[in-house]
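**Student:** Here the protein sequences line up with chains A and B, keeping their order. In terms of full-length UniProt numbering, the first sequence has 17 at position 17, counting the first letter as 1, and numbering is strictly consecutive. In terms of full-length UniProt numbering, the second sequence has 22 at position 22, counting the first letter as 1, and numbering is strictly consecutive.
The hints are simulated quantities; they were obtained by calculation from the structure and are not laboratory data. A few of these clues could be false.
[Unchecked claim] Derived Cβ-Cβ restraints for the label pairs, each shown as a range:
no.	chain 1	residue 1	chain 2	residue 2	range
1	B	G69	A	S44	32 to 38 Å
2	A	R64	B	E144	46 to 52 Å
3	A	G206	B	A110	41 to 47 Å
4	B	A110	A	D138	56 to 62 Å
5	A	D138	B	Q162	51 to 57 Å
6	A	L124	B	Q162	55 to 61 Å
7	A	S44	B	V327	38 to 44 Å
8	A	G74	B	S246	34 to 40 Å
9	B	S246	A	V301	48 to 54 Å
Where is the CB? At the ideal position from N, CA and C, for every residue including glycine.
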Amino acid sequence: MTEPLLSVRGLTVEFPTRHGILTAVEDIDLDIMPGEVLGMVGESGAGKSMTGNAIIGLIEPPGRIARGEVLLKGQRIDNLPPDEMRAIRGRRIGMIFQDPLTSLNPLYRISDQLVETIRTHLPLSRDAALKRAIGLLDDVGIPDAARRIDDYPHQFSGGMRQRVVIALALCAEPDLVIADEPTTALDVSVQAQIIEVMKQLCAERGAAILLVTHDMGVIAETADRVAVMYAGRIAEIGPVRDVIKHAMHPYTAGLMGAIPRLGENLDRLSQIPGAMPRLSAIPQGCAFNPRCPRVMDRCRVDRPGLLEPVPGRRVACWLYPEEAQA
Amino acid sequence: MSGPLLDVRNLSRRFDVSKPWLNRKIEGLERLYVKAVDDVSFTVNRGETFALVGESGSGKSTIARLIVGLLKPTAGEIFFDGQSLAKGLNGAEARRLRRRFQMIFQDPLASLNPRWRVTDIIAEPLRVFEGGMADRERRLRVGELLTLVGLSPEDGVKFPHQFSGGQRQRIAIARALAARPEFIVCDEPTSALDVSVQAQILNLMKDLQREFGLTYVFISHNLQVVRHMSDQIGVLYLGRLAEVNSAAGLFAAPRHPYTRMLLDAVPDIEMTGRGRRKVEGEIPSPLSPPPGCTFHPRCPLANDRCRREVPHLRAGVACHAVEEGRVPA
Ligand SMILES: Nc1ncnc2c1ncn2[C@@H]1O[C@H](COP(=O)(O)OP(=O)(O)O)[C@@H](O)[C@H]1O
Ligand SMILES: Nc1ncnc2c1ncn2[C@@H]1O[C@H](COP(=O)(O)OP(=O)(O)O)[C@@H](O)[C@H]1O
Ligand code: SF4
Ligand code: SF4
Ligand SMILES: [Mg+2]
Ligand SMILES: [Mg+2]
Numbered sequence: 001m002t003e004p005l006l007s008v009r010g011l012t013v014e015f016p017t018r019h020g021i022l023t024a025v026e027d028i029d030l031d032i033m034p035g036e037v038l039g040m041v042g043e044s045g046a047g048k049s050m051t052g053n054a055i056i057g058l059i060e061p062p063g064r065i066a067r068g069e070v071l072l073k074g075q076r077i078d079n080l081p082p083d084e085m086r087a088i089r090g091r092r093i094g095m096i097f098q099d100p101l102t103s104l105n106p107l108y109r110i111s112d113q114l115v116e117t118i119r120t121h122l123p124l125s126r127d128a129a130l131k132r133a134i135g136l137l138d139d140v141g142i143p144d145a146a147r148r149i150d151d152y153p154h155q156f157s158g159g160m161r162q163r164v165v166i167a168l169a170l171c172a173e174p175d176l177v178i179a180d181e182p183t184t185a186l187d188v189s190v191q192a193q194i195i196e197v198m199k200q201l202c203a204e205r206g207a208a209i210l211l212v213t214h215d216m217g218v219i220a221e222t223a224d225r226v227a228v229m230y231a232g233r234i235a236e237i238g239p240v241r242d243v244i245k246h247a248m249h250p251y252t253a254g255l256m257g258a259i260p261r262l263g264e265n266l267d268r269l270s271q272i273p274g275a276m277p278r279l280s281a282i283p284q285g286c287a288f289n290p291r292c293p294r295v296m297d298r299c300r301v302d303r304p305g306l307l308e309p310v311p312g313r314r315v316a317c318w319l320y321p322e323e324a325q326a
Numbered sequence: 001m002s003g004p005l006l007d008v009r010n011l012s013r014r015f016d017v018s019k020p021w022l023n024r025k026i027e028g029l030e031r032l033y034v035k036a037v038d039d040v041s042f043t044v045n046r047g048e049t050f051a052l053v054g055e056s057g058s059g060k061s062t063i064a065r066l067i068v069g070l071l072k073p074t075a076g077e078i079f080f081d082g083q084s085l086a087k088g089l090n091g092a093e094a095r096r097l098r099r100r101f102q103m104i105f106q107d108p109l110a111s112l113n114p115r116w117r118v119t120d121i122i123a124e125p126l127r128v129f130e131g132g133m134a135d136r137e138r139r140l141r142v143g144e145l146l147t148l149v150g151l152s153p154e155d156g157v158k159f160p161h162q163f164s165g166g167q168r169q170r171i172a173i174a175r176a177l178a179a180r181p182e183f184i185v186c187d188e189p190t191s192a193l194d195v196s197v198q199a200q201i202l203n204l205m206k207d208l209q210r211e212f213g214l215t216y217v218f219i220s221h222n223l224q225v226v227r228h229m230s231d232q233i234g235v236l237y238l239g240r241l242a243e244v245n246s247a248a249g250l251f252a253a254p255r256h257p258y259t260r261m262l263l264d265a266v267p268d269i270e271m272t273g274r275g276r277r278k279v280e281g282e283i284p285s286p287l288s289p290p291p292g293c294t295f296h297p298r299c300p301l302a303n304d305r306c307r308r309e310v311p312h313l314r315a316g317v318a319c320h321a322v323e324e325g326r327v328p329a
């Protein structure tokens, strides 16, 4: 069996505050295989960005990784010194954020930023780097790339800017791209194009993607597997088609029922009562228990772990007996 | 009474986005206008929901603000229950009309006064429109309204920041309902909310519509939400209506090439693998829209006529190819 490209084990991120320690992300376990697209979906505050940021060592202090480890091709990267981590970001892990200006400096020409990033990570001459940069802009669908490369970020539309960011994320041929809500700020017609470009270019280069989004539609279009996050934990994780069509966790089922569809017109959407709890008020036992239509006594006391009741599908819910575990 | 509740005729609104006078003189520039809304006509039947859908900058919010009188049209007219809103109504008349319609915005926090208690926020329209109401009666009415939108009367003593986004939208809805309006313009009411909260608010809005016979103009960029909420739909592109049809008709048989492209862009969450055409191009700058049909640079069916001549809405579609029978089924 091939080895996972990325393994996350028991990852827990904490924030000390005046009112005590808040656990933003707890006990995250996941693997990403080479070339795989893993979606991470959940409502705002579920801990998606925090998980992505922890993987690339970008947790802002006083936040910190309290427990767990992150392994890239079997090598631990969560405890590396800052300069070594910086070398991994960009070179081995590319990043795409919701706001392109997180990655692009508005004061520099696109050419300067691409060439600098390429030369930081790869032993190329300026000319060779520039040639590579133009090729990349062409690949991401920027028309007239050789000329546009000397423009500044503000001279591009939002969609074109996000294409530039994709080029920047891919310019050192990383093994993994972490994309955090890459299309959330874009109109639907532009979103469709950006998803297509990102998926295609990563596939051509064999780069895996961790795609973080609140939008289950984007996941359905893009991901091979999906992790559904709730209140800082993984509720369930499995092949995207299985999770979407046959959710195992009651939260996933509720979420799917709450999404209006093009294909059918129901009079009412199914509705999960209440809202996701704040970090300071996560209920005891299963974090979803106050909203769960299938809650049992045990759910209010014990927290369910992520078990594998069906091969390839893991779910954190007491509905699925432990003994069914493979 | 018969006839549509709202009748929007040839509505246009442009914004002057010129540089200041001195810069124009020095740099030799012309005045610059954005046609935010251009010759838009539609009617809304009583008790129904008319949705306006379009990508950002297509003129949705401008139309909303024109309808409720927050903006004046550059041209065109709006009739509410047969009465023109543009013609200067006298004080009492304007007031009578105004209490019959309300608006809900995307960001409830921006539309709720942060220093007021929820009770006072919801009671405000009552003070304006039912000045004679006794304090006690008003408090009771606020309690009723809070219950109606799924909050509790005790929530009235709190301030807006003490609520979640979804609860704040409930407060905005309670305030909109206070003066018992017939008609509500909703501008992206759930776009800032998570899907599980969105479902709660959409269900609530449908329940209230049924209970009080409300008429909605419902604005959204989200086609799935629009499909779920509306009876009639108008698709906007760069300030003009591309297509108007019943919700069922529009989704079963989209006719305008832009409507088709928009539908093809919606992620296939059911994973049906339905065949879809690739989306091409981006929305051009509204400062210098293409001549003729503004969609022509992205349209697979564009021809010379499209590059010259603006298509007008005929039988619900503004497209030369549809009119000429050139659109494949
Ligand atoms: N600097 C911070 N200090 C304390 N809590 C934080 C900080 N940043 C984020 N959080 C909290 O961590 C949780 C997870 O946030 P995040 O990962 O951004 O969620 P998501 O990306 O799923 O919307 C949220 O409850 C958020 O409020
Ligand atoms: N007050 C204003 N001044 C100048 N331009 C405006 C103003 N309001 C809106 N616009 C422009 O009008 C167009 C339509 O905007 P809007 O109605 O807000 O669209 P939507 O709500 O569909 O995103 C956009 O090009 C926008 O930039
Ligand atoms: S563990 Fe219990 S409360 Fe939690 S999702 Fe499963 S059934 Fe519901
Ligand atoms: S009028 Fe012409 S360019 Fe415009 S949508 Fe129809 S076919 Fe396309
Ligand atoms: Mg996030
Ligand atoms: Mg708007």
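**Student:** Checked against the structure, which of the hints given earlier come out wrong?
**Tutor:** 4 and 8
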